[in-house]
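A.B. asks: For the protein sequence lines, the chains are E and D, in the order given.
Numbering follows our numbering, in which position 62 of the first sequence is assigned residue number 510; successive positions increment by one, without gaps.
Numbering follows our numbering, in which position 102 of the second sequence is assigned residue number 107; successive positions increment by one, without gaps.
These are computed hints drawn from the structure, not numbers from a lab.
Hints are supplied without guarantee of correctness; some may be wrong.
To be verified - Partial chain E-side listing against chain D, Cβ under 8 Å, derived:
no. : residue
1   : Ala458
2   : Gly471
3   : Asn514
4   : Ala606
5   : Gly609
6   : Phe632
7   : Asp658
From a predicted model like this one, the values you see are computed outputs, not experimental measurements.
The beta-carbon is built from N, C-alpha and C at its ideal position, and this holds for glycine as well.
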Amino acid sequence: MTGISLGVGAWGLVTGIAMVKAGLGVWLSLAMSLCVFAGSAQLAALPLIAHGAPLWVTWATAFCVNLRFIIFSAGWRPYLAPLSRRHRLWVMYFMADLNYVAFMKRFPVPGPMDEQLPYLWGGVAVNWAAWQGMSILGIALADVIPTQWGLGFAGSLALLGIVGTLLVDRGTWIAAGIAACAAFAAFALPFHLNIVVAIAAAIAVGVLIDHVWPPAPVRAPAGSDAT
Amino acid sequence: MNPWLGLLAILGLAAITVITRGFFVIPEREIPIPAWLREALRYAPLAALVAVLLPEVAMTDDHLLDTWRDARIYATATGVGVFATTRNLLGTILAGTAVLLALRLGLGW
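Bound-form chain E, shown alone:
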């Protein structure tokens, strides 16, 4: 877990700096870090909040970035079935990508076992502490580093890397190209609606490609980052 914590911590640090540099201020940045606890969604939402995009566009964007969690949650279901709904929700709120990957490697056979819950909460605690500790450090540092240095751009570079991990085959490359073109072409639309247009265009073209040239059957889960 040490190596993982290091990566998670660096990611948290970047997000902490990016939040303050986007203009959220220290208190809102702290609230975002502690309440939202989802790195890529936070970084994607930041420019939209900063530019005053409508709430629903900000939320829709974060929802799309978080779609992978919905797929993960289907994988969690057989393990968490005996728990009460409140307990299930509570566990899942803290469940980052890396917790999912580590847990599924440790317990490959679906079904509840006694040692799973301590393993879950232990992994979650380590991940949460590494993330929040470094994110809060980033918030504190960003407050004293001049904005002209442009350190908030580290958040964009982090997103760039995430985009890189999602570009796995022809379909995803073409969809990304379509998304970029659509986002640019529709940039004049009000309320940052160009993002919605880009998502719709990329899904339409991507799914079309999948049906015309079906992709290889085995694929790693898309979109793995720290939280």
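Since the structure of chain E is provided, determine the placement of chain D on it from the hints.
C.D. replies: Then chain D, alone, in the frame of chain E:
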């Protein structure tokens, strides 16, 4: 920025975290995962990130960058290069940020 609007945005984002992470474990009865969702999942996050990133790395105000004297161009190029060769996220962030800082502080770009 209106702090209350910011707080509302954050609370909504927190709800999205809970809803997406807990999606299929919230209901008591099992729900099959629809095929369209699996297909959309491949492209929706990618498209959202690309659309958010575009103005951050390649635009000023409402048009594409029209000057070469912008540190973001070189920071982005460095990030792309490092990621393409190493596929290392941390290295991508560090190298890109180093180039950005060098050009910003050194040349004022």
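A.B. asks: Are the hints correct? Go through all of them and say.
C.D. replies: Outcome of the hint check:
Satisfaction of the interface hint for Ala458(E) is found here, the shortest Cβ-Cβ separation to chain D being roughly 5 Å, below the 8 Å cut-off. Among the interface hints, the one on Gly471(E) holds; its C-beta lies about 6 Å from the nearest C-beta in chain D, closer than the 8 Å criterion. At about 4 Å, the closest approach between the beta carbon of Asn514(E) and any beta carbon in chain D falls short of 8 Å, and the interface hint on this residue holds. The closest approach between the C-beta of Ala606(E) and any C-beta of chain D is roughly 5 Å, which is under the 8 Å cut-off, so the hint is satisfied.
Annotation: interface hint on Gly609(E) holds; nearest CB of chain D at approximately 4 Å, less than 8 Å. Because the beta carbon of Phe632(E) sits about 6 Å from the nearest beta carbon in chain D, less than 8 Å, this interface hint is met. For Asp658(E), the shortest C-beta to C-beta distance to chain D is roughly 6 Å, which falls under 8 Å, so the interface hint holds.
In summary, the structure agrees with every hint in the numbered list given earlier.
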